[in-house]
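Visitor: Fit chain B to the known structure of chain A by using the hints.
Protein chains in written order, with our numbering: chain A, 121 to 446; chain B, 121 to 446.
For the record, the hints were derived by calculation from the structure and aren't laboratory data. Cβ atoms here follow ideal geometry from the backbone N, Cα and C, with glycine treated the same way. Some clues are possibly wrong.
[Unchecked claim] Here are the computed distance ranges between Cβ atoms for each label pair:
1) B:R254 to A:R421: 33 to 39 Å
2) B:P168 to A:R386: 56 to 62 Å
3) A:L378 to B:D358: 57 to 63 Å
4) A:D351 to B:S193: 17 to 23 Å
5) A:N292 to B:L364: 37 to 43 Å
6) B:I362 to A:E274: 53 to 59 Å
7) A:V161 to B:D293: 55 to 61 Å
8) B:E170 to A:D351: 32 to 38 Å
Protein chains: 2
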Amino acid sequence: MLSLRVLATGKANPAIEVSSAELDKKLNRGSGFTQKKSGVVIRRFSAPNESQSELAARALTDAVRNAGIPSSSIDLLISACGVQEQALPSTACAIGAHANLSEGVPAFDINASCLGFMMALKVAASLLSTGTYRRIAVVSADQPSRGLDWDEPEASLIFGDGAAAVVLEKGNDQQGIRSFLFKTYVEGRQFCEIRAGGTKCNPSKGAVDKDYLFRMNGKQVLKLVSLKMPDFMNELMDQRGILLDSVDLVVPHQASHLGMAHMIKRIGLDPGRVVNIYETHGNQVAASIPTALHEAFATGRLRAGTRALMLGTAAGVSIGGLVLDI
Amino acid sequence: MLSLRVLATGKANPAIEVSSAELDKKLNRGSGFTQKKSGVVIRRFSAPNESQSELAARALTDAVRNAGIPSSSIDLLISACGVQEQALPSTACAIGAHANLSEGVPAFDINASCLGFMMALKVAASLLSTGTYRRIAVVSADQPSRGLDWDEPEASLIFGDGAAAVVLEKGNDQQGIRSFLFKTYVEGRQFCEIRAGGTKCNPSKGAVDKDYLFRMNGKQVLKLVSLKMPDFMNELMDQRGILLDSVDLVVPHQASHLGMAHMIKRIGLDPGRVVNIYETHGNQVAASIPTALHEAFATGRLRAGTRALMLGTAAGVSIGGLVLDI
Chain A
121 MLSLRVLATG KANPAIEVSS AELDKKLNRG SGFTQKKSGV VIRRFSAPNE
171 SQSELAARAL TDAVRNAGIP SSSIDLLISA CGVQEQALPS TACAIGAHAN
221 LSEGVPAFDI NASCLGFMMA LKVAASLLST GTYRRIAVVS ADQPSRGLDW
271 DEPEASLIFG DGAAAVVLEK GNDQQGIRSF LFKTYVEGRQ FCEIRAGGTK
321 CNPSKGAVDK DYLFRMNGKQ VLKLVSLKMP DFMNELMDQR GILLDSVDLV
371 VPHQASHLGM AHMIKRIGLD PGRVVNIYET HGNQVAASIP TALHEAFATG
421 RLRAGTRALM LGTAAGVSIG GLVLDI
Chain B
121 MLSLRVLATG KANPAIEVSS AELDKKLNRG SGFTQKKSGV VIRRFSAPNE
171 SQSELAARAL TDAVRNAGIP SSSIDLLISA CGVQEQALPS TACAIGAHAN
221 LSEGVPAFDI NASCLGFMMA LKVAASLLST GTYRRIAVVS ADQPSRGLDW
271 DEPEASLIFG DGAAAVVLEK GNDQQGIRSF LFKTYVEGRQ FCEIRAGGTK
321 CNPSKGAVDK DYLFRMNGKQ VLKLVSLKMP DFMNELMDQR GILLDSVDLV
371 VPHQASHLGM AHMIKRIGLD PGRVVNIYET HGNQVAASIP TALHEAFATG
421 RLRAGTRALM LGTAAGVSIG GLVLDI
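So here's chain A without its partners, still in its complex pose:
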C-alpha cells in the first residue's frame, strides 16, 4: 500500500446558479428539454470576472481552513485541472498567487483531462513517500461554461463549473492507496476535445471560433469504455485481491447521467454506495471527483476506517481507478 492521508477537503462554488429551466429559455428549447436531455437540475457557472485560478484558490483556502493548518505549511501545490487558465505559464502559478502560500512554494500542473485529480493523488502519494514533500495541496478547477457549443446539446447541457481541493500527508499504516490503475486508449483521443488553445490550432493556423469549443462523440466514448471496463475492473480489483464488497463508497467522475448509470449497471455497483452529485453540479470536468470526494467527507460518508473507490473516464480516452483507505 502507498501511504496517503487526506488531511482535509475543500470546495468553492462559482457565482451563478443556473437551472435547467433557465437554460431552456436561453436556448429557445421547450420546457423540460435541458433537464431531460442532461439529467442536470441545477449547475453553477462562473461570473465573467471570476477566474479559474481564483476559484481554485478559494477551494484550496477552504481545504486549508478545514484542515486547521496554516497555509504556509503547504510545501507543494499541484494544479490538476482539465483545461488550463492560459497557454503559459502553468495554471498552478496563478492559483498560488491567490492562495497565500509561503514564498517560493513549488507549483506545477498535472493534466489528465477529467482524471487529473486521480493521477495527481497518485503522484502526490509517491512524492510524500519519497520524502520530497511533506504536505501537498492538490486543486482542480474547471470552467467548462467558457468553452461550450450551445448548438450541441449533448456536449453542453451536462456541464457545470466548479473547484475542489485536498490537503495531503503521509498516512499511518492503514491509510493510503490500496490499488491504482490508469489506462489511456489513444485511439479515442479525438472523441472529446477542444482543438484550439495550443500549437495545433490558433490564429496563425487559421483557427475559427468553434475550434475553441468542446466537442464530443458520446457514443464512441461509451462504446470504447464498455469494451475496456470489464478487464479494467478485474485488474484494478480482483487481481489485487480487493473485493468490490469491501468498498464503502464509490466516488465516480460525474460524467453524465447516462454514463454514470451505465457504469453502475455494468460493474454491478450498489447505487446506494455511489456518490451522486450530478443533478446539482453537472459534469465539472476535473473538479468532479474532488467535489464528490468533498461531499463524501462533509456528509460523513467517508471517515477514518472507510474505503473509497474513485473511478472514472476522461478525454483521451483514459479510464482510471483508485482504491483509497481513509
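Guide: What follows is chain B alone, placed relative to chain A:
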C-alpha cells in the same frame, strides 16, 4: 538518494533550418541584427504540417531505439511540454498515438513551463521508487515558432522548436537524484506568458490575435532570478553537502545567451563544464534541457559514474535544480 537510471535519450529535429541571416531578411532588419540580438546562429522551426505530438513521438522513438528496448515495454508516458498541443485532451494522448506503445499505456502531462522536464524526472523517479511503474518515458516537445510576436525581438529571436525524450528505470545504488529543488515565485507569473489558450482569454472573452503570442519582460525575470539564485544554490547544493566541484557537467535550460552567461557568472560555474547548445538550437522551451542532456550523452560528456547538474528558470517564475548521478 532517489534511485533513477537514464536508460537512453533521444532527439528529433524539426524540418526547417533557419539562420539568423534569413530572419534578418524576413524581418527587414540589418545584416547581423538577429544574431547579435539573440545570440543564436541557427535554429529549427517545424514545417506547417509537422505537429508537436509527431515531433515528440519521433524523439521518443529515437530514445527507445537508443535504449535497445521494445517500445511495448514502456509502461507510462509523461509529456512535459511547455505549451500544449491543444486545450483538451492532454498532449500525452496525441504523442502516444504516434509512438507505437502498448495498448492502454497510461499517458498524462506535467506542465512546469520550461522546467517541466526536470519536474517530470522527479515525479518519474518517485513513481519508479514506489513500484507504480517500471519503465517510464518522458518527452518534451515545443514549437515556439507557432506563437511568436516578431514585433518583439527580445521575445522572438531567441527561440527554436525541438523535442527530446528519455527512457527511465530505477537505478543501482549509485544512480539517481542526489538533490532536487524547485521554487515558484508567483509574483512573476506575468513576466513571461501567453494569455490566451484557456479559460482566461478566448474568443468568447474577446481575445485578439496578439493574446495568443508569447510576451516576456526579460529584465524583470533577470532581476527576480538574480535576487533568489544565491539562496537557491545554497539550499540545492551546500545544505545537502554537495560541492559544485563534484559536478562533472552542468546541463542548463538554454534560456538566452545573456541569461546563461549571467547564471554562469553568478554561480561561478566553469564554462567548460556547461552544456551550451544555444547557438545552434535557441531556447526550445521545455525541450531545451532534455535536448542538452541528449547532446551530453551522445558526445560522451555524460556516462556512467558522472554527475550532472540540471539548472534553469521558467515562466511562472520558477527556478529548478536537480543533481543526477548517472
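Visitor: Note whether the CB distance of B:E170 and A:D351 lies within 32 to 38 Å or breaks it.
Guide: Since the Cβ atoms of B:E170 and A:D351 sit about 36 Å apart, the hinted range of 32 to 38 Å holds.
Visitor: So the hint says 55 to 61 Å: do the beta-carbon atoms of A:V161 and B:D293 match that?
Guide: Because 59 Å falls inside the window, the suggested range holds.
Visitor: At the C-beta level, are A:L378 and B:D358 separated by a distance inside 57 to 63 Å?
Guide: 59 Å, holds
Visitor: Is the distance from the Cβ of B:P168 to the Cβ of A:R386 consistent with 56 to 62 Å?
Guide: 44 Å, violated
Visitor: Hint says 37 to 43 Å; check whether the CB-CB distance for A:N292 and B:L364 agrees.
Guide: Given about 40 Å between the Cβ atoms, the range holds.
Visitor: Does the beta carbon distance between A:D351 and B:S193 stay inside 17 to 23 Å, or does it fall outside?
Guide: This hint holds: roughly 20 Å between Cβ atoms.
Visitor: Using the C-beta atoms of B:R254 and A:R421, is the stated range 33 to 39 Å upheld?
Guide: Since B:R254 and A:R421 have Cβ atoms about 36 Å apart, the given range 33 to 39 Å holds.
Visitor: Cβ-Cβ distance between B:I362 and A:E274: within 53 to 59 Å?
Guide: Because 56 Å falls inside the window, the suggested range holds.
When each numbered hint is compared with the structure, a violation occurs for hint 2 only.
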